[in-house]
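K.L.:
Model the placement of chain F on the given structure of chain S, informed by the hints.
Protein chains: 2
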Amino acid sequence: MTKNKRAVVFVRLKDGVLDPQGVTIGKALQQMGYDDFVSVRTGKFFELEINDSNGDIEKKIDEVCSKLLANPVIERYTVEKD
Amino acid sequence: MTKNKRAVVFVRLKDGVLDPQGVTIGKALQQMGYDDFVSVRTGKFFELEINDSNGDIEKKIDEVCSKLLANPVIERYTVEKD
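Respectively, the protein sequence lines represent chains S and F. Residue numbering for the first sequence follows this note's numbering, beginning at 1 and increasing consecutively. Residue numbering for the second sequence follows this note's numbering, beginning at 83 and increasing consecutively.
Looking at chain S on its own, in the form it has when it is part of the complex (with noise of 0.2 Å):
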């Protein structure tokens, strides 16, 4: 039996891409009055449990990342493994 294997996929906005997200989070520290924070920038992860029996997992998690859980116009991803 092959054990499971773990990868987590950043996806962030690719840079001059507007983060309204992030820009609110600034604007609420500053408003707490954490001002030693200059800018926020937000972004998301998956952390995928692939059970690799066919091999060939990299050429799959870069199919996935692309099809659907990154928007390869406005964002961009990098994989992590164990």
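Hints in this document: simulated from the structure, not taken from any laboratory. Mixed in with the good hints, there may be bad ones.
Calculated cross-link-like contacts (lysine to any residue; reagent style SDA-like; alpha-carbon spacing at most 20 Å) [said to hold, decoys possible]:
id, chain 1, residue 1, chain 2, residue 2
1, F, 126, S, 10
2, F, 126, S, 77
3, S, 67, F, 106
4, S, 60, S, 82
5, F, 163, S, 3
6, F, 87, S, 34
7, S, 67, F, 85
8, S, 5, F, 117
9, S, 14, F, 131
10, S, 60, S, 22
11, S, 27, S, 5
12, F, 85, S, 35
13, F, 96, S, 10
14, S, 3, F, 108
15, S, 44, S, 3
16, F, 126, S, 22
17, F, 163, F, 150
On a predicted model such as this, the values are computed, not experimentally measured, just so you know.
P.N.:
Then chain F, alone, in the frame of chain S:
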């Protein structure tokens, strides 16, 4: 002049808390034929740019996490600093 520092806060749902977004993505992957993916858990992260002029930044990051960035009832967070 102090150089700006960078910290990343990762926020995940606590173990045992249902992650409907992750479940939905998992089902979508199955329907798309990617049946190697056993489970998906989602999370978010915040890249903070910090002008640490007064020091004591660890404490401030911790405060900001529990007050604004994470909901301590259902979420846990980790901080990574450069």
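K.L.:
Does each hint hold? Answer for all of them.
P.N.:
Each hint, compared with the structure:
With a C-alpha separation of about 9 Å, the suggested pair residue 126 of chain F and residue 10 of chain S falls inside the 20 Å cut-off, and the hint holds. At most 20 Å may separate the alpha-carbon atoms for a hinted pair to count; residue 126 of chain F and residue 77 of chain S meet this at roughly 13 Å. Simply put, residue 67 of chain S and residue 106 of chain F have alpha-carbon atoms about 15 Å apart, close enough for the 20 Å limit, and the pair holds. Between residue 60 of chain S and residue 82 of chain S the CA atoms are separated by roughly 16 Å; this keeps the pair inside 20 Å, and the hint holds.
For the given pair, residue 163 of chain F sits about 32 Å from residue 3 of chain S by alpha-carbon distance, which is inconsistent with the 20 Å threshold. Note on residue 87 of chain F and residue 34 of chain S: the hinted pairing holds, with a Cα-Cα distance of about 15 Å set against a maximum of 20 Å. A C-alpha spacing of about 39 Å is found between residue 67 of chain S and residue 85 of chain F, which places the hinted pair above 20 Å, so the restraint is violated. A C-alpha spacing of about 14 Å is found between residue 5 of chain S and residue 117 of chain F, which places the hinted pair at or below 20 Å, so the restraint holds.
Distance hint between residue 14 of chain S and residue 131 of chain F is fulfilled; the C-alpha atoms sit about 17 Å from each other, no more than 20 Å. With a CA separation close to 31 Å, the supplied pair residue 60 of chain S and residue 22 of chain S exceeds the 20 Å bound. Taking the CA atoms of residue 27 of chain S and residue 5 of chain S, the gap is about 40 Å. The hint is violated against a cut of 20 Å. A hinted pair counts as satisfied when its Cα atoms are at most 20 Å apart, and residue 85 of chain F with residue 35 of chain S qualifies at roughly 15 Å.
Annotation: proposed proximity of residue 96 of chain F to residue 10 of chain S holds, straight-line Cα distance about 19 Å (limit 20 Å). With a C-alpha separation of about 19 Å, the suggested pair residue 3 of chain S and residue 108 of chain F falls inside the 20 Å cut-off, and the hint holds. Proximity of residue 44 of chain S to residue 3 of chain S is assessed by CA-CA distance (about 26 Å); at most 20 Å being required, the pair is judged violated. Proximity of residue 126 of chain F to residue 22 of chain S is assessed by CA-CA distance (about 12 Å); at most 20 Å being required, the pair is judged to hold.
Distance hint between residue 163 of chain F and residue 150 of chain F is fulfilled; the C-alpha atoms sit about 19 Å from each other, no more than 20 Å.
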